[in-house]
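J.: Given the coordinates of chain E, assemble chain P onto it according to the supplied hints.
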Amino acid sequence: MVRLSNVSHAFDDETIVENLSLSIDPGEVVAIIGPSGVGKTTVLRILALFLEPNGGSITLDGKDVWSISEEQRLRLRRRIGMVFQEASLFDATVERNVEYGLRVRESWRDRLRDELWSVLGSNGTPGAVTEALELVGLSEKVGQEARSLSGGEAQRVSFARALAYEPEYLLLDEPTSDLDPRNTALIEEAVGEARDRGIGIGIATHDMHQAERIADRVAVILGEGVAEVGSAEQVFENPTDERTAKFVSGELVY
Amino acid sequence: MPVESAVPLVPAVVDLPFREGYVRSIIFVSLYVSVTAVALSTLFSLPVAMIMGFADFRGKQFVKSIINTGMGFPSVVVGLLVLFTVSNQGPMGALELIFTREAMIMSQFVLATPPITAITLAAITGVNENVRDAAHVLGGTRLDVALVVIKEARYGIATAILAGFGRAISEVGSVLIVGGNIVSSGGISKTRTLTTAIQLEARQGQYDTAMVLGTVLVALVLTVNAIVVRLGDEGAMR
Chain E
1 MVRLSNVSHA FDDETIVENL SLSIDPGEVV AIIGPSGVGK TTVLRILALF LEPNGGSITL
61 DGKDVWSISE EQRLRLRRRI GMVFQEASLF DATVERNVEY GLRVRESWRD RLRDELWSVL
121 GSNGTPGAVT EALELVGLSE KVGQEARSLS GGEAQRVSFA RALAYEPEYL LLDEPTSDLD
181 PRNTALIEEA VGEARDRGIG IGIATHDMHQ AERIADRVAV ILGEGVAEVG SAEQVFENPT
241 DERTAKFVSG ELVY
Chain P
1 MPVESAVPLV PAVVDLPFRE GYVRSIIFVS LYVSVTAVAL STLFSLPVAM IMGFADFRGK
61 QFVKSIINTG MGFPSVVVGL LVLFTVSNQG PMGALELIFT REAMIMSQFV LATPPITAIT
121 LAAITGVNEN VRDAAHVLGG TRLDVALVVI KEARYGIATA ILAGFGRAIS EVGSVLIVGG
181 NIVSSGGISK TRTLTTAIQL EARQGQYDTA MVLGTVLVAL VLTVNAIVVR LGDEGAMR
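Chains E and P, in that order, are what the protein sequence lines are.
Those letters in the first sequence? Residues 1 to 254, per the numbering used here, in order.
Those letters in the second sequence? Residues 1 to 238, per the numbering used here, in order.
So that you can see chain E by itself, here it is in the shape it has in the complex (with noise of 0.2 Å):
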């Protein structure tokens, strides 16, 4: 399980994210909700191991991994994917892509190996490579180079290439936010996967019925702390908390 315990964090002074309990288990859909610019983006960066918090613990299976060595947390780091709103695939082909994660989880010895093999053009696809790029329905784009993808397809690369290394946890930050009704829904099916197959995914969004179609879980951020955590059904259907009611019927709350 991967937690945050009460986690504040601040850019240049103004507070982002402040004191916010949230966790996520192996082979759940947990949907972060709220407006624009409440933070959850902030959140997930956090989750990754990506940002340290300024105050508060996060944990993953109960280890802090802000007090650990930096090689340490490198391991638990390798143990998340995450996903940005913004595709940024690498200018290389989309095999050379979705296979990154892998190639730099080998040691050196191999990597060399592997790139000379690659330049020699003797080198076979990886197996997790074609798996994960068939989850996003582009096996065939696998010799294509990435930047001539279009945005759906470049989003669900991304996504293939969080996928291929297998991490436990997953992290997806408004993954559809510019994607048309199609790549939306592949992106949604892959994430259905994703969790059939255990990993737990953290998946933050704007978009109520996205998060009701796939969450086991639902965090509502409206500012302080979690608004409130509960099935996507008790969430909009008979929300606890006076605020989120309030947003999940469309009031401006923040």
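Just so you know, these hints were derived from the structure itself, not from any lab.
Treat each hint with caution, since some may be false.
Covered stretches of chain P, as calculated for chain E (at least 3 residues, CB under 8 Å) [said to hold, decoys possible]: (1) 147-156; (2) 179-193.
The following label-pair restraints were derived from C-beta to C-beta distances [unchecked claim]: (3) P:Phe62 to E:Gly121: 43 to 51 Å; (4) P:Leu31 to E:Trp66: 48 to 56 Å; (5) P:Leu80 to E:Gly124: 30 to 38 Å; (6) E:Trp66 to P:Glu96: 50 to 58 Å.
Calculated from the model, a selection of chain P residues having no Cβ within reach of chain E, i.e. all distances over 12 Å [unchecked claim]: (7) Leu31; (8) Val77; (9) Ser87; (10) Gly205; (11) Val218; (12) Leu220.
Think of the CB as a built atom: it goes at the ideal place given N, C-alpha and C, for glycine as much as any other residue.
T.: Leaving out everything else, chain P in the frame of chain E:
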């Protein structure tokens, strides 16, 4: 590397007023000094630009302003400073580098480093921050992230290296001061480069030779510039 070769520089039917060995040796010295200086400068500039691009530290703006000032620093002043450094009374006097190719390499290193560092820094900082972050969250170490950034900025870095080479090979003031424009008794260049030879030949009224040397220099610089433009186009298309 031998400067005399069995392959003639120009066809035998063409009667030119200079000895081929002389011109070949000048081209060799020019390329040897410029390529070595730029190679060393690149080895120095790349990590400096990476540190400048990645790290925040006190005095970063000051270092940036020094680099920018260095881009426009007069080459004769650089030559003068290197001359003081390698002269008998200078801190490196014991190495007896005065009027050697090594001293010329030093001065060209000083001249090529600012443009290479500045253009590399611009290329590195121009890499989309999300791409850096992606390399990090996918499990990359700091070195992995740095390698991704270098790869993403490769066209800009190549442009920087070629720009540095362009400045080094076409420079005349400092190599004249620290190299001395010396030719051996056999008529083979020791520290004479294309630029210093052109200056000397023109001053002595040997305009034909000066024109040939000038043509070689222009051809080299044009080739380098064509590569820079091509790389710029390729980088812009991506």
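J.: All hints, please: hold or fail.
T.: We went through each hint and held it up to the structure:
Closer than 8 Å: that is the beta-carbon criterion, and the segment 147-156 of chain P has 3 residues meeting it against chain E, so the requirement of 3 holds. Remark: the segment 179-193 of chain P is not confirmed as covered by chain E, as 0 of its residues place a Cβ nearer than 8 Å to a Cβ of that chain, below the required three. Taken as a hint, the range 43 to 51 Å holds for the pair P:Phe62 and E:Gly121, whose Cβ atoms sit roughly 48 Å apart. With their beta carbons about 53 Å apart, P:Leu31 and E:Trp66 fall inside the hinted range of 48 to 56 Å.
Taking 30 to 38 Å as the suggested C-beta distance range, the pair P:Leu80 and E:Gly124 does not conform, at roughly 60 Å. The supplied range of 50 to 58 Å is met by E:Trp66 and P:Glu96, whose beta-carbon atoms lie about 56 Å from each other. A cut-off of 12 Å between C-beta atoms confirms that P:Leu31 is not in contact with chain E; the least separation is 28 Å. Even its closest Cβ contact with chain E, about 40 Å, leaves P:Val77 beyond 12 Å, as expected for a residue assigned away from the interface.
Residue-level check passed: P:Ser87 sits 46 Å from the nearest beta carbon of chain E, beyond 12 Å. Annotated as non-interface, P:Gly205 keeps its C-beta farther than 12 Å from every C-beta of chain E; the closest such distance is 54 Å. Look at P:Val218: its CB is around 34 Å from the nearest CB on chain E, clear of 12 Å, so calling it non-interface holds up. Remark: the non-interface label on P:Leu220 is consistent with the geometry, its nearest Cβ contact in chain E lying 30 Å away (cut-off 12 Å).
Of the numbered hints listed earlier, those contradicted by the structure are 2, 5.
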